[in-house]
Amino acid sequence: MIVTRFAPSPTGYLHIGGLRTALFSYLWAKKNNGKFVLRIEDTDASRNDEAAALAIVDAFAWMGFKHDGEITYQSNRMDIYKKYINQLLDEGKAYKCYMSREELDALRETQMANKERTRYDNSYRDFTGTPPEGVEPVIRIKAPESGAIIIDDGIKGQVVFQAEDILDDFVIARSDMSPTYNFVVAVDDHLMGINEVIRGDDHLSNTPKQMVVYEALGFTLPKFYHVPMIHNSEGKKLSKRDGATDVMAYKEMGYTPEALMNFLVRLGWSHGDQEIFSMQEMLTLFDPKDINKSASIYNTEKLDWLNAHYLKNMPNEELAQQLENYDIVLTSHDKKEILLDAVKERAKTLKEMATLIKEILATPESYDEKGLKKAFKGNADEVLKSFAPNLETVKELHLPSDYHTIMEKTITDMEVGFGKIGQPLRMALLGKMSGPGLDSVMAIIGNDETLNRIESILEVTIPS
RNA sequence: GGCCCCAUCAUCUAAUGGUUAGGAUUCAUGGUUUUCAUCCAUGCCAUAGGAGUUCAAAUCUCCUUGGGGUCACCA
Numbered sequence: 017m018i019v020t021r022f023a024p025s026p027t028g029y030l031h032i033g034g035l036r037t038a039l040f041s042y043l044w045a046k047k048n049n050g051k052f053v054l055r056i057e058d059t060d061a062s063r064n065d066e067a068a069a070l071a072i073v074d075a076f077a078w079m080g081f082k083h084d085g086e087i088t089y090q091s092n093r094m095d096i097y098k099k100y101i102n103q104l105l106d107e108g109k110a111y112k113c114y115m116s117r118e119e120l121d122a123l124r125e126t127q128m129a130n131k132e133r134t135r136y137d138n139s140y141r142d143f144t145g146t147p148p149e150g151v152e153p154v155i156r157i158k159a160p161e162s163g164a165i166i167i168d169d170g171i172k173g174q175v176v177f178q179a180e181d182i183l184d185d186f187v188i189a190r191s192d193m194s195p196t197y198n199f200v201v202a203v204d205d206h207l208m209g210i211n212e213v214i215r216g217d218d219h220l221s222n223t224p225k226q227m228v229v230y231e232a233l234g235f236t237l238p239k240f241y242h243v244p245m246i247h248n249s250e251g252k253k254l255s256k257r258d259g260a261t262d263v264m265a266y267k268e269m270g271y272t273p274e275a276l277m278n279f280l281v282r283l284g285w286s287h288g289d290q291e292i293f294s295m296q297e298m299l300t301l302f303d304p305k306d307i308n309k310s311a312s313i314y315n316t317e318k319l320d321w322l323n324a325h326y327l328k329n330m331p332n333e334e335l336a337q338q339l340e341n342y343d344i345v346l347t348s349h350d351k352k353e354i355l356l357d358a359v360k361e362r363a364k365t366l367k368e369m370a371t372l373i374k375e376i377l378a379t380p381e382s383y384d385e386k387g388l389k390k391a392f393k394g395n396a397d398e399v400l401k402s403f404a405p406n407l408e409t410v411k412e413l414h415l416p417s418d419y420h421t422i423m424e425k426t427i428t429d430m431e432v433g434f435g436k437i438g439q440p441l442r443m444a445l446l447g448k449m450s451g452p453g454l455d456s457v458m459a460i461i462g463n464d465e466t467l468n469r470i471e472s473i474l475e476v477t478i479p480s
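So the first sequence is numbered by our numbering: it starts at 17 and just counts up by one.
Just so you know, these hints were derived from the structure itself, not from any lab.
Note that CB positions come from ideal geometry on N, CA and C, so glycine has one too.
It is possible that some hints are incorrect.
Here are the computed distance ranges between Cβ atoms for each label pair [said to hold, decoys possible]:
1) Asn329 with Asp350: 53 to 61 Å
2) Glu361 with Ile96: 52 to 60 Å
3) Lys98 with Thr300: 37 to 45 Å
4) Ser139 with Glu297: 17 to 25 Å
5) Lys131 with Ser91: 38 to 46 Å
6) Asn332 with Met295: 16 to 24 Å
7) His287 with Ser116: 51 to 59 Å
Put together the whole structure using the sequences plus the hints.
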């Protein structure tokens with residue numbers, strides 16, 4: 017059984033990059049009837065934010081993917097880590113290092129001055145003497161001093177590091193005995209049964225250290241997939257500073273989870289020329305072996321297109337429900353279907369759609385000046401005056417086609433083109449020159465309000 | 001700087017060593033539409049550079065250049 021995990025540190029909110037990694041892990045696990053687990057990496061008490069963990073859960077809930085089992089908090093597992101640290105100490109695979117911070121800093125400065133790689137000098141590796149006074153030791157693990165470390169990565173292929181280039185006896189427990197990242201990741205991934213690790217490729221250079229821990233503890237290595245980064249428009253790693261990258265901000269902006277997911281799954285992964293993927297299709301088609309090796313740049317143009325696509329294809333009932341998050345309540349509106357049909361093809365986001373709906377439903381408070389000038393050239397007011405009485409003939413039916421009929425009757429009577437009624441009527445109804453079909457708008461707002469809006473605009477002085 | 005990763009249109013990406021290098025988004029133009037949008041059609045736009053291997057290279061090798069990541073008692 018495949019078990020994958022998402023293991024964020026609770027230092028901020030979930031952003032696009034993390035969400036995509038989570039999506040890949042989720043899809044891969046679910047496709048294989050495996051498990052997807054969530055672990056909060058909060059070993060460093062000084063950088064802990066409880067709200068952030070909740071924000072991740074919220075974002076997951078919105079996206080509709082659910083982790084299996086309880087959330088694991090590393091801060092609750094200190095006893096476990098301590099046990100393994102003691103085991104390594106007992107076996108002589110790790111040791112106490114009494115080098116003070118000052119000494120360590122001095123060592124590093126010397127190394128930098130000599131243009132050497134900064135690294136711990138292993139001075140306490142085989143120390144048997146009396147420890148210095150006043151220094152709480154850290155625990156360091158014995159790492160190989162030479163030889164090749166080979167990662168067989170599912171995306172990058174074989175990646176080879178030389179131990180002497182990158183390794184030293186790194187700290188696995190701080191002087192307060194709290195364990196460090198590279199140690200707990202290895203311990204937890206093993207203990208939680210995680211056998212396929214899908215994570216950002218910024219972790220690639222951590223992997224050798226984790227492999228040292230796996231080796232020391234005699235654990236079997238998981239399969240690694242290091243997914244390329246998503247970069248911002250400057251080509252740099254996506255960070256919390258990049259503005260609206262908080263996943264929940266996409267909800268506020270009016271994006272649907274389906275669109276966001278579809279967008280993310282195609283960032284770094286593809287299946288031939290296919291652009292649109294339902295959740296079901298992702299589940300059957302996704303395979304991490306098809307993930308790209310190169311980083312991609314994050315850009316919302318395609319997300320907008322996808323979101324519009326999903327909006328157009330969303331059933332009206334569901335649309336109405338979604339719009340309630342944007343202050344639109346249509347449950348009691350008798351022309352709900354006509355209204356939704358009129359706006360669903362002209363909005364990129366739910367928020368935009370909400371604005372369009374408000375514009376239709378509310379009597380215009382002002383009129384676009386350029387539009388007024390253009391629409392009321394010539395005898396437009398007479399056309400409108402002649403149109404108004406015709407409204408009486410649609411007392412019974414209130415379908416867009418009924419209104420279309422009387423618009424046609426008016427232009428025939430007045431011997432003018434469609435534009436001659438369309439433009440002034442549009443200004444009267446919407447206050448501007450663009451928007452949904454007028455027959456639909458009138459059907460939605462009804463006779464009285466249509467008449468009301470016509471009378472209002474006839475009182476306005478047309479700018480010359 | 002050391003180490004590691006990466007390199008196809010502006011962007012997301014296709015292409016068993018043999019294609020007029022394909023699709024999508026954006027943009028432009030035309031059609032549909034009373035308007036706007038949708039939709040449809042068309043167009044513009046790419047293999048970073050240089051060697052090599054091969055009958056044949058976007059694809060394999062090397063170098064250069066460029067970009068990114070990482071080098072903590074952070075995760």
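Taking the hints in turn, this is what the structure says about them:
| no. | hint | result |
| --- | --- | --- |
| 1 | Asn329 with Asp350: 53 to 61 Å | violated (24 Å) |
| 2 | Glu361 with Ile96: 52 to 60 Å | holds (56 Å) |
| 3 | Lys98 with Thr300: 37 to 45 Å | holds (44 Å) |
| 4 | Ser139 with Glu297: 17 to 25 Å | violated (57 Å) |
| 5 | Lys131 with Ser91: 38 to 46 Å | holds (40 Å) |
| 6 | Asn332 with Met295: 16 to 24 Å | holds (21 Å) |
| 7 | His287 with Ser116: 51 to 59 Å | holds (55 Å) |
Hint violations for this structure: numbers 1, 4, all remaining hints satisfied.
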